[in-house]
Amino acid sequence: MWDEAKKSFWEAINGWLEKVATDLAKQGLSLAARYIQNGVKLEEIPYFSFIMVTIQALAYGLFIITFYKEILRAMKEDMTGEAQPNWLAIVGNAAISASLITFTPTIIKDVLIPISNEIVAYIADAPVKWNIKVDGIKLGLSPDVALAAAGLHLLLGFLIWSIGMIALVIAQMITYAQIAIAIWLGPLLASSYQSRSEIFSVYWKEVIALVFTPVLRMALFVMVISTAGKGTLDGLLWSVGFAIVAVIGPSILKGYIHKSGASSGIVSGGKFLFYRVVLTRFRGRG
Amino acid sequence: MPFETLFDKYNELLKAIITGAGGLAGSYFALMAIKNGFDYANSDDPHKKHEAKSGFKRMAIGAGVVGMATYIGNQLISFF
Chain A
30 MWDEAKKSFW EAINGWLEKV ATDLAKQGLS LAARYIQNGV KLEEIPYFSF IMVTIQALAY
90 GLFIITFYKE ILRAMKEDMT GEAQPNWLAI VGNAAISASL ITFTPTIIKD VLIPISNEIV
150 AYIADAPVKW NIKVDGIKLG LSPDVALAAA GLHLLLGFLI WSIGMIALVI AQMITYAQIA
210 IAIWLGPLLA SSYQSRSEIF SVYWKEVIAL VFTPVLRMAL FVMVISTAGK GTLDGLLWSV
270 GFAIVAVIGP SILKGYIHKS GASSGIVSGG KFLFYRVVLT RFRGRG
Chain B
17 MPFETLFDKY NELLKAIITG AGGLAGSYFA LMAIKNGFDY ANSDDPHKKH EAKSGFKRMA
77 IGAGVVGMAT YIGNQLISFF
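Chains A and B, in that order, give the protein sequences.
In terms of this note's numbering, the first sequence opens at residue 30 and continues consecutively.
In terms of this note's numbering, the second sequence opens at residue 17 and continues consecutively.
Where hints are given, some of them may not hold.
To be verified - Computed Cβ-Cβ distance ranges for the label pairs, DEER-style:
#, chain 1, residue 1, chain 2, residue 2, range
1, B, LEU22, A, ALA206, 22 to 28 Å
2, A, MET108, B, TYR87, 46 to 52 Å
3, A, LYS70, B, LYS73, 52 to 58 Å
4, A, ALA118, B, SER59, 26 to 32 Å
5, B, LYS65, A, ILE210, 54 to 60 Å
6, A, ILE210, B, GLY39, 34 to 40 Å
7, A, PHE79, B, ALA57, 58 to 64 Å
8, B, TYR26, A, ILE144, 34 to 40 Å
9, A, ALA150, B, LYS73, 55 to 61 Å
If you're looking for bench data, these hints aren't it; they were derived computationally from the structure.
We put the CB at the ideal spot given by N, CA and C, even for glycine.
Bound-form chain A, shown alone (with noise of 0.2 Å):
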């Protein structure tokens, strides 16, 4: 009687992990494949061209606010004698924070999130073998057949897996809502350009590791199916392990991009391109 008690009583423990672990599954790979696979859709933000043009509105007064304030600095320093008044960099520097405010979220909608979801296409065409029509999963387990006799310990660390693949859509989603932030955030930055032009590398850097994050999590989610279709319990446990670093992708690029200067790179070469054409021109007419 004991003995049969405690088999039922692990039948209905199995029955519900299969049934919680098998639906977890299927919705968190269908909407992985939806929002990781796919890159960076900003079309599935609410509002985000109305905000974006508000912003750039207030951007715009916020510049030439900033504009004068340069003006008028340079002339108290010129009337009290301080420092003479550098004209054609005051001039220079609102051309440029007019034109980031401008082109920031073009670029960034219309440059590099293209190339973000180009990379992340060639990646999710990768020869990985998955399959994620099927109903349920197969992983090398079946959830009509195997999850119910593979044992409890597999059954967990399925049931985990599929924790871990809704949360790393919910950390798709937080990356879109910074990147959306971030290009929102851009024009507001650029029309204090003129005062404080070092907090624009700063911005960039994290610009371009916002933008490049699906591509990691692109790579990674690969890794997450390819270890889980081994269909044992390491193999899972390897594929929560991938799943957590795709999770925390943007601090790991982050620190990549801070310690290699390649955005502070492109913006100084950016500006030294620009006073290089303004002084040739200049040059050239004197």
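With chain A's structure known, arrange chain B on it following the hints.
What follows is chain B alone, placed relative to chain A:
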């Protein structure tokens, strides 16, 4: 506060800033014109005369920059 009203208020604020900054710039030009004119007229030192002339040039460029800022500001206000 409705969206249009918010932008109207913002534009009013910008107009006030442009007007105020324009006034300050005008005071600067007046003061610098007097200072440089005085230096130029009352000095026999060629170096000082040259400095006063440079001051006039800087002032003229400054006037151009202020004019440009005012034009851009007014264009932006009328655009939004």
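Consistency of the hints with the structure:
1. LEU22/B with ALA206/A: 22 to 28 Å: 24 Å, holds
2. MET108/A with TYR87/B: 46 to 52 Å: 24 Å, violated
3. LYS70/A with LYS73/B: 52 to 58 Å: 54 Å, holds
4. ALA118/A with SER59/B: 26 to 32 Å: 29 Å, holds
5. LYS65/B with ILE210/A: 54 to 60 Å: 57 Å, holds
6. ILE210/A with GLY39/B: 34 to 40 Å: Since ILE210/A and GLY39/B have Cβ atoms about 38 Å apart, the given range 34 to 40 Å holds.
7. PHE79/A with ALA57/B: 58 to 64 Å: For ALA57/B against PHE79/A, whose Cβ atoms are near 60 Å apart, the range 58 to 64 Å holds.
8. TYR26/B with ILE144/A: 34 to 40 Å: 35 Å, holds
9. ALA150/A with LYS73/B: 55 to 61 Å: Since ALA150/A and LYS73/B have Cβ atoms about 57 Å apart, the given range 55 to 61 Å holds.
In this structure, the one hint that does not hold is number 2.
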